[in-house]
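Colleague: Residue numbers (this note's numbering), protein chains in the order written: chain A, 1 to 591; chain B, 1001 to 1605.
Because the hints were derived from the structure by calculation, they are not lab data. Mixed in with the good hints, there may be bad ones.
As the list claims (entries may be wrong) - Distance condition first, Cα-Cα at most 20 Å in a straight line; then the derived EDC-like pairs of lysine to aspartate or glutamate:
no.	chain 1	residue 1	chain 2	residue 2
1	B	K1331	B	D1393
2	A	K144	B	E1182
3	B	K1217	A	E111
Spelled out, the chains give:
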Amino acid sequence: MSFNSYKDDEQSTKRSKIQTLKRLLDYLFVYKWQIVFVLAIMGYGVAVSLVNPLIMESAIDDYIGQNDFRGLYRLLGIALAVNLALVATVKLRMYIMAKVCNRILLTIRQELYTHIQKLDFAFFDSRPTGKILSRIIGDINSLKDVLSNCVTTLVPDGLTVIAVIVIMVCKNPALAFASLLTLPFMAAATFYIEYKAHPRWQSFRKKSANLNAFIHEDMAGIRIIQSFHAEKETENTFDELLQEHRNAFFDAVRMSDSFGSVIDLSWGLGCIFLYFTGIVVLGVDAVSLGTFIAFGTYLNMFWQPIHNISNFYNQLVTNIAGAERIFEILDTEPSIADGAAAKPMPEIAGEVVFDHVDFSYDDKVKVLDDVSFSIRSGETIALVGPTGAGKTTIVNLISRFYDATGGAVRIDGQDVREVTLNSLRGQMGIMTQDNFLFSGTIRENIRYGRLDATDEEIEAAARAVNAHDFIMKLEKGYETVLSERGGGLSVGQKQLLAFARTMVSDPKILILDEATSSIDTKTELLVQEGIEHLLAGRTSFVIAHRLSTIRKADRIFVVDDGKILEEGSADELMEKKGIYYQLYMAQFKAC
Amino acid sequence: MKKISNYIWDYRFSYLGAVLSLLIAVTLDMAAPRLTARVVDDVIVGGKTGELKYLLLGFLGVGLGRCIFQYVKEYTFDKNGARISGDMRRDLFRHIQSLSADFFDRTNTGELMARVKEDIDHIWDAVGYVGMLLIEVFYHTGIILVCMCMINRKLAMLSAAAMLLCGTVAVMMERKLGAVYEAISEENAVLNTVAEENLGGVRTVKAFAREAFEIDKFLSHNKRYYDLNMAQSKVFVRYYPVFTVISKVLPLLTLLVGGRFVIGGEMTLGEMTAFVEYSMNIVWPMEMLGWLTNSFSSAVASNRKIRKIYEETPTVTEVTNPVKLQDVRGKVCFDHVSFHKADQHEILRDITFTVEAGKTLGIMGTTGAGKTSIIQLLQRMYDATGGAIYLDDVDIRSLTLEQLRTSVSFVMQDVFLFSDTIGDNIKLGKKRYLDFKTVRKASTDAQASGFIERMEKQYDTVIGERGVGLSGGQKQRISIARALSKKNPILVLDDSTSALDTETEQTIQQTLAKLESTTKIIIGHRISAVRGADEILVLADGAIAERGTHEELLRKRGLYYETYQSQYGELSEAGAAAHMDGPGGEAQGKQVRERGGETDVLQFI
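Please put together the full structure from these sequences, using the hints given.
Modeller: Set out below in structure tokens:
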């Protein structure tokens, strides 16, 4: 597996912008009635703003020019009423749009999060947490304005532009043509800028994610950084990342900012064409003063929405990179998922069979090579062997964290790939070396094992693993709030809590992967005694380096190079004088 | 904390240029209606067609001028926004890194991320385009007012009143929005934390099949985030229409009053046309003011959150005139040291010991007995609450943190590796100074070079965050190599070989034994890890329960002996006399050591 570090940009899959936009619009489409309503309101707004210049024209030509006071009052009275009605609708429109957009963000964020929960380890392992986080938080937030502007800018401004063009053409085709002469130039320039800017914004998003990843790792690893007095060094790295982030922004914004210039230039040329045509080509008398002024107003009305639309387009270009990153995750298929015909696993009795199992992470190096064994319900199996021998892989296949690349893993005769993951893992108690505790109370953390566990059950589990005593010594006992990853506790204490959590889940199969490595021998013995009667008759797998930990196992498998080399009880293996014997003697000699 | 105004001051010349461009661009903008008025009054009404070409050139000039100055203005503001936010991020990051362990004990990573990332992003907007538009709005309205005054003072009063009203509403809205934005910023941090924990604990989540639970947990915060955003929208919706009302009504009123003036002969038709056009030109700044106030409130709220972090100060500080040791030999002395964290029970009680330079101290003890705390005190992650700790007979509180911490290499129990190359992970703290040879030597000593060099890119292999992709034993060996490569006078191993098989552990121990001038403190659960120490402390409940050499402690038949029995009980019965004491045991030990190089059969990687 290749890993992406905070220093390297993520690879992005190529996808068309139209498709991304279409997908975004699909989210909007859910609220089609609200949007139709908003558009109707905005239609009214557009109509009012189109009428306003006409009122102006009429006021000047018909009333002020004719010294008609009463007519002027009447006309403006109507105009005022029309405009005030508009304001009332603006309020409604904004509220509806805010609701729709926030809802969509809620939906996308939840969808993304839900999807991420389904993904397999390969996804999480291959990239820093901070980069995934930046998609859940930053990239989604960046869509907020784009979504609302899709409706409130694109549609009404688009309509305005069309309406203005129609009105201008009706009023005077020649003037209209002259005014709009610069349009093609503008369109071409806009597309060119977009073409250049889009990859730069993509790059900016990636740099942003790098920054996020580094901040995350630095804060999480602050203890080691301070311990090695590496603050200067991390500051330098951070500065470099900031620099890259900044430069990526400069590159992108340098392009995007020229949108405005194109519009300004087009406006200037548009004015020249208008007046030149109106005065020189058509002649002064051919066009009335009012018409001219109205034309000027329309021209402004034309440029304003054009300005808005290109701003929107600019924004879209800026932020669509965020949408792409979101959809990229949504399109990632988990390699470990419930099959179409998956059924719930019935209550597990505990018989585990490996039937000629092969496994490889990368199709090149075989981590497990034709492993076969059969375990009776209730047996305790110890796996020993050097680091990297394949012990963890064996237990990972039982809980289906990975799928065997060859052969089959069966529990109670049922292929693990044919049952739902939830029903399978829900019946297992898996403890790894990396015991993650969540921020929250100790009680909540133990309850994580079984959400409906009573306080008594939680306490019983804590007693069984010998955690109760130290918990009670804390001032608030079970209500002590832990910070993330169980901050404030020693590694051994964290292991005990994680153990209690596993115990409370009442696992049918227990898997302990170096679960007691940070616990002292004395406590470990107490833990072993404590869980013995809780787990009487359950199948369990124990991986440990300390041989004292596994002495009581029914059978010991000695694993190396992806094969089981020896198996038998501790006594049998000692007699065999094979690998186990050597391992045992090595520990003996060490003491 | 450096004030935002000071950050802005750093770029004053750049801002000055940008503001000048802004002024020019807006002024050119203002010139446009003038040009229109001239076209109407002089060319169309006045019939001076000859002037038209100059006026048309004027339009071109205005267009071109705006084209250039708008660009300079926008780009410079964007650039300054990015620079200032970058500077603020840099400073905030440095400040956070300078804080002490107690701060990190109670602050979640997700929250810090939100502060350094999202909150500063909001300020970025404010000192970038939002600030630019605000200035533009003010200048624009100001200049329009002046122009209006020049045409007709009475009529201009109408617009002035409208603007004043807008300003007042904006200030009121900012107050209301500030509180909501602060809550949003807070919830954003929570959302970050929940997601961050979920991703970090993904193995636990999946092991318990708790995906549905996690999704619900996130949903509740996601919904709260939604509610707060809606609350913000509601405030905004309440105030914003005021801006719209004013902007719609103002041109009409102007037309009405202006019309009267024209009819009354107080102003010309052309003047009034220009006036109306002006009044329409302040429509957008007014509407814009609503939006800008909104963004601005968000930045102000974020700034308050950031200031809270700046209010935190490091609890472990250096004295004003620190002692500088010329050459650290590595003598460590704890003198009646006790320690407890704020409002918690005592973690360490009356700990006294001395390790002479080059000697080895072993520490054993039950889970939670305070073993790791001793080391944290030695490195001044926390300060002892009682007693004193000496390095080479100097109180560590009078040394610089740099000298103290770079005297001690600490291999933590909780191995932390960065998503970086293996080489850089090993060099941590001295990336610029360590050469490849040192890294390689340290890796070899830590028994890590074998598996590292078998990787395709060897020391340049990028590993996952927290060392994902490596086994527990591999991670431990890299972190041992990290400590060894520093060649610091004191080496601390905190249960650092728990995931290693016995052979590897032994080989590493033999290497360590050869570091004669290095003071070693070894914390372990396995007897094998500490048995060679010059003195072994057995901790129980924060106090030293037993102390002595391996042999002395065995004779005592106390806690140490119990541990020994449970780890090697059967063995010691089998061949007790052979290694309990006496030259036989010595010899056997040596034999193993000599065999060290040949145990490749079991040299598992």
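Colleague: Take the C-alpha atoms of K1331(B) and D1393(B), compute the straight-line distance between them, and say whether it is at most 20 Å.
Modeller: 7 Å, holds
Colleague: Between K1217(B) and E111(A), is the straight-line Cα distance small enough, at 20 Å or below?
Modeller: Between K1217(B) and E111(A) the Cα gap is close to 14 Å, so the pair holds against 20 Å.
Colleague: Checking one constraint from the list: CA of K144(A) to CA of E1182(B), max 20 Å. Satisfied?
Modeller: Since the Cα atoms of K144(A) and E1182(B) sit roughly 18 Å apart, the hinted pair holds (cutoff 20 Å).
Going through the hint list in order, the structure satisfies each hint without exception.
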